[in-house]
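Undergrad: As a plain string of letters, each chain reads:
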Amino acid sequence: MSIQVKNVSKNFGSFSALDNVSLDIEPGELVALLGPSGSGKTTLLRVIAGLERPDSGETFFNGINTTATPVQEREVGFVFQHYALFRHMTIFENIAFGLRVKPRATRPQDAEITERVMKLLKLVQLDWLHDRYPSQLSGGQRQRIALARALAIEPKVLLLDEPFGALDAKVRKELRRWLRNLHDEIQLTSVFVTHDQEEALEVADRVVVFNHGKIEQIGAPSDIYDHPATPFVNQFIGHVNTFKHGHNNDEIAFVRPHDIDVVNQAGDNTIAATIEHTIKIGAMVRLELSRKDNGDYVEVELRRETFDKLNLNNGNVVHLQARRTKVFDKQAA
Amino acid sequence: MNTVNTITLPRTVSRPHENTRWIPVVLTTIALLFLTLFLFLPLACVFAEGLKKGVFTYFAAIVEADAWAAVKLTLLVAFISVPFNLVFGVAAAWAIAKFNFRGKSLLITFIDLPFSVSPVIAGLIYVLLFGLNGWFGPWLAAHDVQIIFAVPGLVLASVFVTFPFVARELIPLMQAQGREEEEAAAVLGANGWQTLWLVTLPNVKWGLLYGVILCNARAMGEFGAVSVVSGHIRGVTNTLPLHVEILYNEYNFVAAFACASLLALLALVTLAIKSFVEHRHLRKHKR
Numbered sequence: 001m002s003i004q005v006k007n008v009s010k011n012f013g014s015f016s017a018l019d020n021v022s023l024d025i026e027p028g029e030l031v032a033l034l035g036p037s038g039s040g041k042t043t044l045l046r047v048i049a050g051l052e053r054p055d056s057g058e059t060f061f062n063g064i065n066t067t068a069t070p071v072q073e074r075e076v077g078f079v080f081q082h083y084a085l086f087r088h089m090t091i092f093e094n095i096a097f098g099l100r101v102k103p104r105a106t107r108p109q110d111a112e113i114t115e116r117v118m119k120l121l122k123l124v125q126l127d128w129l130h131d132r133y134p135s136q137l138s139g140g141q142r143q144r145i146a147l148a149r150a151l152a153i154e155p156k157v158l159l160l161d162e163p164f165g166a167l168d169a170k171v172r173k174e175l176r177r178w179l180r181n182l183h184d185e186i187q188l189t190s191v192f193v194t195h196d197q198e199e200a201l202e203v204a205d206r207v208v209v210f211n212h213g214k215i216e217q218i219g220a221p222s223d224i225y226d227h228p229a230t231p232f233v234n235q236f237i238g239h240v241n242t243f244k245h246g247h248n249n250d251e252i253a254f255v256r257p258h259d260i261d262v263v264n265q266a267g268d269n270t271i272a273a274t275i276e277h278t279i280k281i282g283a284m285v286r287l288e289l290s291r292k293d294n295g296d297y298v299e300v301e302l303r304r305e306t307f308d309k310l311n312l313n314n315g316n317v318v319h320l321q322a323r324r325t326k327v328f329d330k331q332a333a
Numbered sequence: 334m335n336t337v338n339t340i341t342l343p344r345t346v347s348r349p350h351e352n353t354r355w356i357p358v359v360l361t362t363i364a365l366l367f368l369t370l371f372l373f374l375p376l377a378c379v380f381a382e383g384l385k386k387g388v389f390t391y392f393a394a395i396v397e398a399d400a401w402a403a404v405k406l407t408l409l410v411a412f413i414s415v416p417f418n419l420v421f422g423v424a425a426a427w428a429i430a431k432f433n434f435r436g437k438s439l440l441i442t443f444i445d446l447p448f449s450v451s452p453v454i455a456g457l458i459y460v461l462l463f464g465l466n467g468w469f470g471p472w473l474a475a476h477d478v479q480i481i482f483a484v485p486g487l488v489l490a491s492v493f494v495t496f497p498f499v500a501r502e503l504i505p506l507m508q509a510q511g512r513e514e515e516e517a518a519a520v521l522g523a524n525g526w527q528t529l530w531l532v533t534l535p536n537v538k539w540g541l542l543y544g545v546i547l548c549n550a551r552a553m554g555e556f557g558a559v560s561v562v563s564g565h566i567r568g569v570t571n572t573l574p575l576h577v578e579i580l581y582n583e584y585n586f587v588a589a590f591a592c593a594s595l596l597a598l599l600a601l602v603t604l605a606i607k608s609f610v611e612h613r614h615l616r617k618h619k620r
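Just so you know, the sequences run in chain order A and B.
Residue 1 is where the first sequence starts when you use this note's numbering, and the numbers rise one by one after that.
Residue 334 is where the second sequence starts when you use this note's numbering, and the numbers rise one by one after that.
Extracted from the complex, chain B is given alone in its bound form:
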């Protein structure tokens, strides 16, 4: 009887495993089909449409004066708003993770606000504040400062929609690391700046980089908020996503898709950097 038992036992154990083997296969197939339909196909379509009339037309569309202006403006907006959010994100995350103060949960809620508010509303807020008929509009007009329908407005809107990225990435990381290393640094004589530069930031550098990458991707790709404050002045206040829309509305499909492919390329490069960073991050942790 004993031998029979020892033979049947492994079988009963392995049977559920055999029965469930099809589950991962089905789930993976569903996921891949879904991705193909909603991601790979559209992505391929962007490049295919852009290159429909040949490589020459494709590049001509990109180097066209207005398109090129849009590229430069997009880079400028990202160049200003990303560092701004880097500083804000580190400051907010440090305060939230390492100190106790009144209104902490309120601050966390406010940081999430851009995620929950429609970008269009974010744009409208700035129009209502700084537009010609807005709260500060008359004063700004009197002092000859233009924010709405100009670069400052684009930067403001981009900063607003992207400010959760760095902070959100850092807060859980810093909270998990606790305060002990900072306290150890303080006892050893390090002042606040030395603690920040030598202990806190090196500990979160991969998370920080990850947050910056996501922040940058969103800053370059933002449409809604930017659309409201831009005024769509060709070659002046059109960022790349806005330029794509204008070209499309003018039935200039090849140029629209060529420019869109630039944004898609940006997304792919971002993804590549992101996986590289994650890879480094994991390896660092394993060591």
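Only chain A is shown next, with the shape it has when bound in the complex:
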């Protein structure tokens, strides 16, 4: 099922959450809405689900206008940031809920409900928890139950709001891979909201970058990282150093920390800087330096071998050379 968002705007009082946003999502795609908090990504997700009514603009599922369709009839699966499991129901009843509230004519028999719920519990690998209550589960388990509950009604699209936001780093990573695999398996058009760029780049087929209620860039993860369309995307995705550039400093140059070489001798395009701190993380070493000419902060990432070979210490003066630079007009930044 394809999703189309056309010129959608939404204001909360004087705050503009969405400003004339348009977006096309292909059937079977896994799309990430990425942006800082308050950038409008969650509002767009809620507009697609029907939990929020746009002030103007339209939404379409498979070309059919759903703007006025009530949330109950949109057949979307929605996973809430804090899971929103029904706390007074067992895990089994939570997942069965969507089937039990169907009108009598379309409601499955009890035996069929049991069968479908147990199948979903096996899918999320938690069938042994069926008679527990949500408060007895860990965060990662709750998250998977929330997903099973959303899938129970056989939705046409799956929407996830910060699906891994409340989990610790290790569980996050596991669930991320698990969601990616699940999506490959069931091929359901899915949209998830995140403020974590690593999550977006790692899981999604396409990433939509939001800022101030507008879309900054839409593209494949590698596109977004390697060819940022705007200064905002450049700064938001990955770490980046900014340098004044051009004849009258009317441009800004962005250089990623791993696109900088450390050399021992000054050259045509080098900058002298003093090493302030060295931080060793696994196979990488992060250097924090201050420029000799204006004292600005610069961050450089080196591979461990390169760092060892250069024999660097805090306080050393080194010369930095950019391998790849992205230049924007200052007005755009």
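Rather than coming from a laboratory, the hints here were simulated on the basis of the structure.
Be careful, since some hints might not be right.
[Stated by the list, open to error] Dumping the calculated DSS-like pairs for lysine-lysine here, alpha-carbon to alpha-carbon at most 30 Å:
1) A:K280 x A:K292
2) A:K156 x B:K405
3) B:K431 x B:K385
4) A:K280 x A:K170
5) B:K607 x B:K405
6) A:K122 x A:K173
7) B:K437 x B:K538
8) B:K538 x A:K102
9) B:K437 x A:K102
Chain A is already provided as a structure; the job is to place chain B on it using the hints.
TA: For chain B alone, kept in the frame of chain A given last:
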């Protein structure tokens, strides 16, 4: 030096604790003395006075025709006003906690009004509205409907003084629970009624029960507002608290205290149910 330090450190830590041990003892004693003077003693006195002339006189006073009529009327008034406030309280709390609308804070203020207004004024409002010389009095009289000095007036006054109880109990609870579970239910296809019955109400059931218990206790015990609209017609418009007052004013102390003991018993039963509910509520939350 090191060993000396490690020995003196715990002492300095424990000293303030030893010094303050008397504080909880004193505070508890004050609280207990206070309770004895203002609560336990009067309560014991009610039963003692009621039973002063023996058990027989005590029960005779209760089953006496007018007293028994008062008991029945009190139950009737509670039976009507409590369900009414249950519906109103749930509706108001749901609206306030789950939706945004204009005039929300005004509604919250109005719900608190009966707490801040003297019950006597609450009674007077209805007299001014529905009494013979009130706004609707002539119309009501013409259509042969009697509200003031009759059961409808008693119910109106009781509803007024008790309507904050259920709503006040539910609003903070529902607000704390947020809207997410309701939204989840809606996305899963549940309509408004299904969401209310299957998600919202089960989540607040102990709070709701607690609110109903308090509401009922107040409805049965209300004096001021009811006194104004009742007209004190013996055996007809006298609720139990009003009947107690009449008996007392007639120097019929034994009967007055016997009837009062019924109200006190009601209070004790209410307390027992309330602690039971709280206990269940806590256990539910721990699970």
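Undergrad: So, for every hint listed, does it hold in this structure?
TA: Hints versus structure:
{"no.": "1", "hint": "A:K280 x A:K292", "verdict": "23 Å, holds"}
{"no.": "2", "hint": "A:K156 x B:K405", "verdict": "59 Å, violated"}
{"no.": "3", "hint": "B:K431 x B:K385", "verdict": "55 Å, violated"}
{"no.": "4", "hint": "A:K280 x A:K170", "verdict": "20 Å, holds"}
{"no.": "5", "hint": "B:K607 x B:K405", "verdict": "23 Å, holds"}
{"no.": "6", "hint": "A:K122 x A:K173", "verdict": "21 Å, holds"}
{"no.": "7", "hint": "B:K437 x B:K538", "verdict": "24 Å, holds"}
{"no.": "8", "hint": "B:K538 x A:K102", "verdict": "24 Å, holds"}
{"no.": "9", "hint": "B:K437 x A:K102", "verdict": "33 Å, violated"}
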